[in-house]
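K.L.:
Sequence:
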Amino acid sequence: MLILTPSLELLTPAVLASPRVRRNRRIWALSLSALALVFALVLTRGGNAHFATKKPHHRTTHQRAVPPVGTDPRLAPGWDGDGKPVTFAFAGDVDFPAGSNLGQRLAADPATALGPTVPKLLSGANLTMTNFESALSNDHCPDAQPKKYVFYAPSTAVQAFEGAGLTLVSEANNHGEDCGPPGLQTALAVRGQSGYPILGIGEDAAHAFAPYEATVNGEKIAIIAATQVIDSDLQTAWTATAHQPGLASAYDLKDLVSAVESARRVSDTVVVYLHWGTETNDCPNSLQEPLAKALVEAGADIVVGTHAHVLLGGGYLGSAYVDYGLGNFAFYDNSPPEDESGSLVITTTGRRIDSVTWRPAVIVDDLPEPLTGSAATAAIGSWNGARECTNVTATPTTPIATPTTETSAAAQGAT
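Mapping of the sequence shown onto the working numbering: position 201 corresponds to residue 201, and the numbering continues sequentially without gaps.
Treat the hints as calculated values from the structure; they're not laboratory data. Glycine is no exception: its CB is placed at the ideal position from the N, C-alpha and C atoms.
List of simulated lysine to aspartate or glutamate pairs, DMTMM-like, C-alpha gap at most 20 Å: (1) LYS220 x ASP354; (2) LYS148 x ASP233; (3) LYS148 x ASP333; (4) LYS148 x GLU338; (5) LYS120 x GLU162; (6) LYS120 x ASP365; (7) LYS120 x GLU369; (8) LYS220 x ASP82; (9) LYS147 x ASP233; (10) LYS147 x ASP333; (11) LYS293 x GLU388.
Ranges between beta-carbon positions, derived for each pair: (12) GLY124 x ASN334: 23 to 33 Å; (13) GLU388 x LYS120: 22 to 32 Å; (14) ALA237 x GLU162: 22 to 32 Å; (15) GLN244 x ASN138: 21 to 31 Å.
Just need the whole structure built from these sequences, with the hints factored in.
P.N.:
Take a look at the structure:
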């Protein structure tokens with residue numbers, strides 16, 4: 001900054017004519033010219049001239065995208081909520097068939113039925129979730145449905161999930177109503193009495209699609225569960241409607257998309273946990289990729305699911321994360337490739353996916369054993385390779401969700 005200090009000398013004619021004063025006059029003249037130029041710049045730029053250079057912002061990926069004026073900020077793909085991370089651990093299918101090792105463990109001690117390895121695979125997560133591949137029914141199955149495999153477990157299964165550190169489970173799957181309407185009512189009663197979150201079932205469609213909501217580290221989380229797999233001859237009877245109890249069905253996207261859009265407006269992170277795919281097929285079927293795209297466009301930040309009983313690929317769909325098949329987690333099928341297991345650990349800050357880790361395991365005596373060393377490296381390589389037959393990528397790309405898609409998908413009649 002230039003400081004101008006007037007001389008204290010008497011300005012006599014001799015002094016005025018001296019070289020020193022002439023030099024000072026030139027300095028004054030140059031200074032006045034510089035000041036005039038600065039004021040001109042200020043006037044030209046509307047008074048917003050900056051006199052100091054801003055320090056560069058080194059966290060460009062953390063900058064919050066700003067949606068159009070008047071739009072809820074949570075609709076912006078770059079929304080980061082309170083700016084604090086939340087870690088999720090997602091796992092695949094779990095059931096407790098009578099006569100299996102898991103069934104016997106549940107009968108012996110529900111609190112330890114899922115053993116010591118399940119908590120290890122879920123460790124470090126704020127929220128953990130799996131698919132409960134079963135109906136809930138105490139002592140018997142009052143209305144066994146006409147299907148090849150009928151799975152059911154007693155209400156003590158809830159104690160097993162709690163004992164293993166699982167925050168919640170989904171029962172929106174092709175076994176959720178294996179014991180008919182009476183079994184479904186048992187599940188609803190167990191949920192109400194225990195307070196344990198069992199998603200994807202309800203007294204009607206509104207309750208079946210209702211999200212699990214929690215605030216973690218200041219971030220508002222919403223998790224929705226639904227199934228795209230119900231035996232064709234049971235779809236009508238099992239699907240929750242405005243007037244019928246049942247499962248949250250993803251065959252008609254209207255209710256599911258509406259639930260995602262509603263959650264998007266009030267949540268920092270929106271997760272959809274699905275039952276989808278084709279059994280033993282390690283690539284997405286023709287229904288999965290369009291469904292994933294519709295849900296991401298509606299505002300889902302994470303879309304994961306199960307049903308195939310084998311691992312499918314996972315990756316980024318735009319800036320959201322999609323996993324097409326988590327395989328079995330704790331399951332009676334101990335033969336390859338159905339024995340490939342693990343947990344998907346995702347850390348988010350609002351809508352931003354910070355990190356994704358696959359923790360590989362193999363099922364031994366119905367329980368997942370974490371892999372280490374070269375076996376783990378090979379399993380992770382195989383898991384990454386499964387991405388090749390999907391529409392997802394290893395790294396994020398341009399978001400496909402916009403404030404427009406997140407408020408208009410239902411109106412456009414997504415199917």
